[in-house]
Amino acid sequence: MKKVENAVVIENKKIASNIYDMFLKLDDIAKESVCGQFIEMYVDNGVNILPRPISICEINANEGIIRIMFQVVGSGTTYFSNLKRGDIIRVLGPCGNGFNIKETDLSIIVGGGIGIPPLFETAKRIKGKKVVVLGFKNRNSVILKDEFEKLGAEVLVSSDDGSIGFKGNVVELIKEKGIAEKNSIIYSCGPIPMLKALSEFADETNIECMVSLEERMACGVGACVGCAVKVFDKDKKEEIYKKVCTDGPVFSSKEVIFDA
Amino acid sequence: MLDMRVNICGVELKNPVVTASGTFGSGHEYSDFIDLSRLGAVIVKGVADKPWNGNKPPRIAEVYGGMINSVGLQNPGVDYFIKNDIPFLRQFDTKLIVNVCGHTAEEYVNTVKALRQQDVDMIELNISCPNIKAGGMAFGTDCQMAEKVVSEVKKYADKPLIVKLSPNVSDIALIAKAAENGGADAISLINTISAMKIDIYKRKTVLDSKIGGMSGPAIKPIAVRMVYQASKAVNIPIIGLGGISSGEDAIEFIMAGADAVAVGTANFMNPHACIDIIDGIEKYMNDFSVNNLSEIKGCI
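Chains as they are written, first to last, in the numbering used here: chain A, 2 to 261; chain B, -9 to 290.
Next up, chain A with everything else stripped away, as it sits in the complex:
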């Protein structure tokens, strides 16, 4: 069940170019969250009226702590970046459906930029062999690489300018390394062009691929119908809009129409 809680900021620090790592004490929301879900964080500054959807990076249900990472892109995230230990912030959650983890021979976790954080809790929960493929703009924007390695996963890195890892994008890197196997499952989150290329790759190689999307959002609970994504409805055999907040954020790559 979703609820609104006053979260206490436990830690908030800048870890890469414009990216912050924040720990929130949340009680019930932490206990009910699963990997791939998100929280809505309110910006109580008297100017910004809408909460910001921020994906959950790590969950510590026992201690009631949720970890998030966010990139500063506007006035809302600037407000979050200025929060200090002990500050209170209103949070609604948990929102969305999260990743449905399945047992398979090889799990491929693919993240791009600020799309990487929700994959961290996901990777922690995936049993068996896993490869993590991370794409960054450059070496200054690297996040979570060491922590993924500590999970015992093989971690491959690409960057747009080649300043760290493979020069190119994550899909090129996956192809170059030939890591996909017949029964692989892809868990992904990142910019739309990345997810589109990944979805095409999954189609070509006939492997299952889950994509986590984002869209401009108001309520976060399915009421405003603002966060629309165009999908192909198999039953109705037509294109319809679904809601990222409650139908997603995780969708099968096969249903999402990326060119919409």
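Some hints could be false.
As the list claims (entries may be wrong) - Which bits of chain A does chain B cover? Going by a derived footprint, with three or more residues having C-beta under 8 Å, they are:
no., segment
1, 3 to 10
2, 38 to 51
3, 213 to 219
For the record, the hints were derived by calculation from the structure and aren't laboratory data. Beta carbons: idealized from backbone N, C-alpha and C, even for Gly.
With chain A held as given, fit chain B onto it using these hints.
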């Protein structure tokens, strides 16, 4: 003895707070957060005769003290509403008001006909949505068209008919009067204000539809003014809305002439907003010895 009940064309609400259409889904979306039985009424998201897809995203742009949306009344259609939403909402002790949208008079009539004999308390006719190309706001910005579509729909409605007005007119009193002449049993106002936001870094509008409808605290003074003007022009009940986010805001609308108030964007700002507003109104009544809201209605 404090009495928060209000009567809107024969339907008694336990308090004057209702949800604004399009901001509260079918109530289900907020039932995790609040007890729907505490609400005066739920006005559900706009329903059309057939499912509507809505507009291309992005559909949401935040602005100073408010937001602009271009959702375009995406909805699963009246048949779905009757089958799923009515039974859900009837579990709660609150009134049910159906917002009806359409592109043509015929579409409005089709939906209203489908709702005949159904277990709903009132119908709200949306002739004011700025986000659909045909119909919608066009009906709400022309007095003759407004009167004609209202009278056409009224013939088929077997429940009290509320007409929701657009603020995108030069004289709200004339449109309010046209709705009353057409046979409206009540009016609600204001719907969103036509607005635009440009992303100067991308050199394009934030909304794919370019123009949308603005709501939120920033529009409240405009809404209060329009409720005041409309209340002077008509003799039917008024549901006032536009940026209400506190009990004090609600009292302001009632003093401007509203019989009841609707809470919209505030639900996005705070899922408990409706309850906080009901409590806020009650507190005001206690603090200032108001036993019945009729004592302050239209007092200015």
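A quick look at each hint next to the structure:
no.: 1; hint: 3 to 10; result: holds (count 3)
no.: 2; hint: 38 to 51; result: holds (count 5)
no.: 3; hint: 213 to 219; result: holds (count 4)
When each numbered hint is compared with the structure, no violation occurs for any of them.
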